[in-house]
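Engineer: Next come the chains, spelled out residue by residue.
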Amino acid sequence: MKIIVPVKRVIDYNVKPRVKPDGSGVDLANVKMSMNPFDEIAIEEALRLREKGVATEVIAVSVGPDKAQETLRTALAMGADRAILVVAEDVEPLGVAKILAKIVEEEQPGLVILGKQAIDDDSNQTGQMLAALTGRPQGTFANTVNVSGDSVHVAREVDGGLQTVSLKMPAIITTDLRLNEPRYASLPNIMKAKSKPLAQKTPADYGVDVTPRLKTLKVVEPPVRSAGIKVADVDALVAKLKEMGVAA
Amino acid sequence: MKTLVYAEHDNASLKDATLAVVTAASQIGEVHVLVAGSGCGAVAAQAAKIAGVATVHVADDAAYAQQLAENVAPLVASLMASHDAFLAPATSNGKNIAPRVAALLDVMQISDILSVESADTFTRPIYAGNAIATVQSSDAKKVITVRGTAFAKAEETGGSATIEVVSGSGDSGTSTFLSAEIAKQERPELTSAKIIVSGGRALKDAETFAATILPLADKLGAGVGASRAAVDAGFVPNDYQVGQTGKIVAPEVYVAVGISGAIQHLAGMKDSKVIIAINKDEDAPIFQVADIGLVGDLFTVVPELVAKL
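Protein chains in written order, with the working numbering: chain A, 26 to 273; chain B, 74 to 382.
Just so you know, these hints were derived from the structure itself, not from any lab.
Nothing here was measured: the structure is a model prediction, and the numbers come from that model.
One or more hints might be untrue.
[Unchecked claim] Each computed BS3-like pair below joins lysine-lysine, with the alpha-carbon atoms no more than 30 Å apart:
1. Lys-88/B / Lys-243/A
2. Lys-226/A / Lys-265/A
3. Lys-88/B / Lys-122/B
4. Lys-257/B / Lys-267/B
5. Lys-240/A / Lys-75/B
6. Lys-75/B / Lys-255/A
7. Lys-77/A / Lys-41/A
8. Lys-346/B / Lys-265/A
[As the list claims (entries may be wrong)] Which bits of chain B does chain A cover? Going by a derived footprint, with three or more residues having C-beta under 8 Å, they are:
9. 124-138
10. 200-210
Idealized CB from N, CA, C, for every residue including glycine.
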């Protein structure tokens, strides 16, 4: 069984994004970029399934700029077997899902494991859209994944706690934070990753129109909260709470 | 313009999250509500009373009992033939279903909107709320999820919508509900609590978290939340997490105890009316957004606070 893991190159988790003064977007020049953290978890889960003998091949896919090659090399260094880069800038989740659907048609993976959301646009859409386009069931926000025979059990992180569903394979899974702790790539594996196959494609190769449907009119900073006061001790805090009517 | 609002419910009662979505939908056009469930007649009756709702569509079918996206999305997509915009709450349920609907309709979804600027233009947070984008959709139909804290709740009474029975294709046969572990919360639900007390990594372990945070929450009648670090460390279950990828909350008062204030956490609570921070590190970023800060060891400060309240 093959597993496809789509990965996205995004601003690093630890970098505070800055809005461009002209309101056209977020300034990504000279900013550290990394693999979307949820996608690292997706790669890790796929690798664990391969190590358990459930999967035979892990294919990392990215739809993004040329530089997304680095992100794919990271996936390969973690242990993915090969990679596909579909070169295109600023493709919306719907366009990405359409390209992925074509790749799924070609590769026929038993599972596609995606991050539940990318930390740049915070859309949380691609996995569900891919599931719709391929007619496959979806296990979103996965906390635990267990493959048994021709079905996969997914414990999902939902608002009240956990919900477990059984999906008929092939299926689509999106990862939540607590699914696993991703491994670091070792130096020898980073070296090895350089010679693993990485195919380059374009949306046109798959016959997908990725013209955006949403137009960003402007991007602004959110209203800034200013720091308030510091109180000296608990008595002063209690007095404040009483003033606010929070405490009797 | 006709809108279709996805009702958040548990087959027994309608959840508050629906009310904010009704408000958002009313700014776009006529409001219709879809109640998809099993034995959900009471929910439909409740939805029909919401002020401003014209029609409630009820799809009562065992296949919709757990609102699995595989079953519900085709139902919504078929109803969208006669509606112009679909709006769901940005709850785990709404986030699961809406994009599946969007793809079936070949529409690019607009996630987690903060405001309706016009029938095709909305604002939404990106980069963990560090930027707010205004986006305009060129799709003929709109598929939207709504951030509950950004819209006032519609009145629960005053409406008298007609209730129409609808049906869909039922069970897709690809997905089966097995079980749910839903924590029994005696406390107010996080997304609707007026006061929230949240704990962070500094609480050490599950026992210390419970012994320190819960008495304070009890005193204040507050809901209990946590930072990602506290959830990852196993102090509390995942549904306590407040932040970019957890719950987005905006209570009257948010008390952050032993939380340093990573941007991902701030993304989930910085719209709270009043933020109170208790932390021993006076340089902790949480103090930059806190209205009232107290620098001190939480293990002495919190018990003292509980005693004096």
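Engineer: Compare the structure with each hint and give your call.
Structural biologist: The hints, checked one at a time:
1. As the CA atoms of Lys-88/B and Lys-243/A are separated by approximately 33 Å, the hinted pair breaks the 30 Å bound.
2. The suggested pairing of Lys-226/A with Lys-265/A is violated, with an alpha-carbon distance near 61 Å, which exceeds 30 Å.
3. A C-alpha spacing of about 14 Å is found between Lys-88/B and Lys-122/B, which places the hinted pair at or below 30 Å, so the restraint holds.
4. With a C-alpha separation of about 19 Å, the suggested pairing of Lys-257/B with Lys-267/B holds against the 30 Å cut-off.
5. For the hint linking Lys-240/A to Lys-75/B, the alpha-carbon distance of about 23 Å falls within 30 Å, and the restraint holds.
6. Among the hinted pairs, Lys-75/B with Lys-255/A is inconsistent with the structure: their alpha-carbon atoms are about 50 Å apart, more than 30 Å.
7. Of the supplied pair hints, the one linking Lys-77/A and Lys-41/A is violated, its CA atoms being roughly 38 Å apart against a limit of 30 Å.
8. Between the alpha carbons of Lys-346/B and Lys-265/A the distance comes to roughly 14 Å, so the proposed pair stays at or under 30 Å and holds.
9. Remark: the region 124-138 of chain B is not confirmed as covered by chain A, as 0 of its residues place a Cβ nearer than 8 Å to a Cβ of that chain, below the required three.
10. Coverage of the region 200-210 of chain B by chain A holds [criterion: at least 3 residues with CB-CB distance below 8 Å; count 11].
In this structure, the hints that do not hold are numbers 1, 2, 6, 7 and 9, in rising order.
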